[in-house]
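There are 2 protein chains.
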Amino acid sequence: MRLVIVGGVAAGTKAASRARRLDPEMEVTVYQEEPEPSISECGLPYFLSGVVGERERLIARNPEQFAEKDIEVLVRHRVESIDAASKTLSVLDLKTGEAFYDTYDRLVVATGAQAILPPIPGAELEGVFGLRFLTDSDRIKSYVEKYSPKRAAIVGGGYIGLEVAENLCRLGIEVSLIEGQDRVALAYGPEVSEKVEAELGAHEVGVYTGEKVDEFTGEDHVRGVKFGGTELPTDLVIFGVGIRPNVELAAKAGVEIGSTGAILVDKHMKTSVPDVWAAGDCVQTTNLTSGRPIWIPLGDTANQMGRVAGTNAATGEETLEFPGTLGTGIFKVFDLGVGKTGLSEEEAADAGFEAVSASLSTYDRAAYYPGAQKVFLKLIADRATGRLLGAEAAGSSADKLIDICATALWGKLSYPDLVNIDLAYSPPYGPALSPVIQAATILSGKFDHAREGIRAFE
Amino acid sequence: MRLVIVGGVAAGTKAASRARRLDPEMEVTVYQEEPEPSISECGLPYFLSGVVGERERLIARNPEQFAEKDIEVLVRHRVESIDAASKTLSVLDLKTGEAFYDTYDRLVVATGAQAILPPIPGAELEGVFGLRFLTDSDRIKSYVEKYSPKRAAIVGGGYIGLEVAENLCRLGIEVSLIEGQDRVALAYGPEVSEKVEAELGAHEVGVYTGEKVDEFTGEDHVRGVKFGGTELPTDLVIFGVGIRPNVELAAKAGVEIGSTGAILVDKHMKTSVPDVWAAGDCVQTTNLTSGRPIWIPLGDTANQMGRVAGTNAATGEETLEFPGTLGTGIFKVFDLGVGKTGLSEEEAADAGFEAVSASLSTYDRAAYYPGAQKVFLKLIADRATGRLLGAEAAGSSADKLIDICATALWGKLSYPDLVNIDLAYSPPYGPALSPVIQAATILSGKFDHAREGIRAFE
Chain G
1 MRLVIVGGVA AGTKAASRAR RLDPEMEVTV YQEEPEPSIS ECGLPYFLSG
51 VVGERERLIA RNPEQFAEKD IEVLVRHRVE SIDAASKTLS VLDLKTGEAF
101 YDTYDRLVVA TGAQAILPPI PGAELEGVFG LRFLTDSDRI KSYVEKYSPK
151 RAAIVGGGYI GLEVAENLCR LGIEVSLIEG QDRVALAYGP EVSEKVEAEL
201 GAHEVGVYTG EKVDEFTGED HVRGVKFGGT ELPTDLVIFG VGIRPNVELA
251 AKAGVEIGST GAILVDKHMK TSVPDVWAAG DCVQTTNLTS GRPIWIPLGD
301 TANQMGRVAG TNAATGEETL EFPGTLGTGI FKVFDLGVGK TGLSEEEAAD
351 AGFEAVSASL STYDRAAYYP GAQKVFLKLI ADRATGRLLG AEAAGSSADK
401 LIDICATALW GKLSYPDLVN IDLAYSPPYG PALSPVIQAA TILSGKFDHA
451 REGIRAFE
Chain W
1 MRLVIVGGVA AGTKAASRAR RLDPEMEVTV YQEEPEPSIS ECGLPYFLSG
51 VVGERERLIA RNPEQFAEKD IEVLVRHRVE SIDAASKTLS VLDLKTGEAF
101 YDTYDRLVVA TGAQAILPPI PGAELEGVFG LRFLTDSDRI KSYVEKYSPK
151 RAAIVGGGYI GLEVAENLCR LGIEVSLIEG QDRVALAYGP EVSEKVEAEL
201 GAHEVGVYTG EKVDEFTGED HVRGVKFGGT ELPTDLVIFG VGIRPNVELA
251 AKAGVEIGST GAILVDKHMK TSVPDVWAAG DCVQTTNLTS GRPIWIPLGD
301 TANQMGRVAG TNAATGEETL EFPGTLGTGI FKVFDLGVGK TGLSEEEAAD
351 AGFEAVSASL STYDRAAYYP GAQKVFLKLI ADRATGRLLG AEAAGSSADK
401 LIDICATALW GKLSYPDLVN IDLAYSPPYG PALSPVIQAA TILSGKFDHA
451 REGIRAFE
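Chains as they are written, first to last, in our numbering: chain G, 1 to 458; chain W, 1 to 458.
Hints listed in this document are in silico derivations from the structure and should not be mistaken for laboratory results. One should not assume that every hint holds.
Since the list gives no way to pick one copy over another, a pair counts as held whenever it fits inside one copy or between any two copies.
To be verified - 27 Å max Cα-Cα, derived DSS-like pairs, lysine-lysine:
hint	residue 1	residue 2
1	K267	K412
2	K446	K141
3	K267	K446
4	K226	K87
5	K141	K267
6	K69	K446
7	K95	K412
8	K212	K195
9	K146	K252
10	K226	K212
11	K87	K270
12	K69	K270
13	K252	K270
14	K87	K195
Values in this document were obtained by computation on a predicted structure and should not be read as measured data.
Construct the entire structure; sequences and hints are all you get.
Spelled out as structure tokens, the structure:
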């Protein structure tokens, strides 16, 4: 039995490892276009600045280490087409230019996603980069070393743009961030966007919201970015906007694509084509709160999906299920942790919920304990049922608060459950009542307790 | 309508505030024996060492501040008896020695708990202290200032003893800790006890386990502690063992006492006597995992119970419920955070479960991210159903991991739920898969997936 996996980052290598463990007899081959497999793409912004110094630390396992586990990882190999009828792949060895055919009994598609460079005039100039692969980081790093840019413009105020902003500042570069919408961190409510913009301002990042980039200027190298009638001098541009799933290979093989533009899979990570599974940043999953299809390319989710796809591809059965996602995420921008789980108020409204929210700013530990810092927390609940729909946090311990709320969403808890929940308290670790409990208590004041469907024990 | 509350720490003052808010017309009086109300007792170890410098910071609100909210708080007043038939209280003003009667329409008993000083010969010597009230801290602090003790012995290796050990070390005192059982932190499994003992050792605290104190020696002041045939010189002794609920007042008034020795209440915090509610460290509640009665005196739980008791005492109805507790707790000892929720393996066995456990030591953030530190996590699940029964953690981010697991317990999640749970990942905040997910995945390997009752999506 031969298992072929197309793509060797998080989902692909996880699927390979899992299949190997479950079936020691199976042949397992991974094709990977980039020169290294199992890269932590989430670590790239920190590699740019040298916060993560050693390049090798970002590579979980190299091909030799996979070989020791009897997994063949072929890097610099591009799968050019899949013929599902004959179970044949056409592969190009990018090092030698040689093309060859391979066959599979079972296939896992883990082709990931790629950065989109928007069609802005001048985007082809030297010094304009996307950031997706370790090789992108390499290119940016050597550009920075060679030309010592004084000013950088980041296009896009999502989490990648924000992480890159912090890390370029660490290099002593003067950073501007340009966002087309009227605020950064759009996946969050406006309170969080405000805090993020304040944090950027406090670290002297120029923030330009509601601005579409018209053009990059320069001869060979980028020297300026034009928007809103002005031109900002810049020596370096990094796109933090837009990635899209790599689905062409699968689509051409007859694999059905979902409404989000990513590959459609069932709960067992099976595609519409027999003996083909898919996982990671190239697939669509379900937002468990809204019940709607979602495409959410994140490393941890890719890992979990890879485990399910690899297991089922190894057994050939519906052994494991991947239920879907909450859209939980977190990022750090300078000293501010910012996270969310579930739906924002806007997303809740879009999904047809009447949302009720409560928010507060409180301390991350007992107010009298040294080092106590503020944290903002917002809870969003469904007016009709009281069920928690989402949470957003910004500040110290945001990661903890979001993980509590994500677990609450996973357990389909309602705000009354969170008023009496028994969390861990000691002065160095929290206020006597967790910010989650405090916010749920405020939320409880916004509900009519007599209303049917709200449990009594609020 | 007159509401009287006996006891003014966490539960009592919370009940008073809640009643005031719900019913502006109600008369609300709190009797408090100690000289200050609404003390953070959990902060006392940190006040001893000066980590918390200002005494006032430990007092959430003084009587004048309560008066502004139209809540009468009478400190240095002891309620000596309750006559439930006539709804009359006999009260002693400890400042004037004057006794008087008061009446109530509704009563909340929040008499808390007290430290037990075991009947060890020499326990009456100067320099031997319990630590329960702010006034105890005051006495210990002035003893330390006056006599500059060089050596201290702490009796009891539970969380109070451990917190005191750390804080006395900060004062430059040489600390020994004596525990009667064969390990410290008995509420935890042996792996955690080992880590705590190692942390104590690393900070040069002498740890003597399996040792019962026979005698304290000295003339007026304590000079030594005898156990196991040896005598350890000491200038200061603090008991970190044993507290018991203050139930005598309620018991004499005919209030039923539960099997744990604490006051029996229903989910509405009502006692067996009409118009009498009780809350806080003096009451018994339910361990939601074992379903058994439990007495667990903790500040956060007292606060939550006080809210329910105050609400129901204000409305006179069964407005809110307090469902019970998980026994979640956390403490800090030097640089080690140690927390648990639910049942330990031993407690699970006692409660009739066949427990399956999995544990691991991993990093609190991406291994390549600067400052990554180790954390130990153990998950305990029910063999028959797969349901999570408990968790223990020690190390960096223990507070976060325990709160995730507490929320999972609150939502009655099983280990398969935790394998695919969508938690927040970014390199500064966690490894790609949370330690909770990693431990649940290890746990999944110990279950027979075909067994009924285990959900398929593991």
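task = Return the numbers of the hints above that this structure violates; sort them in rising order.
result = Hint check: 2, 4, 5, 7, 9, 14 fail, others pass.
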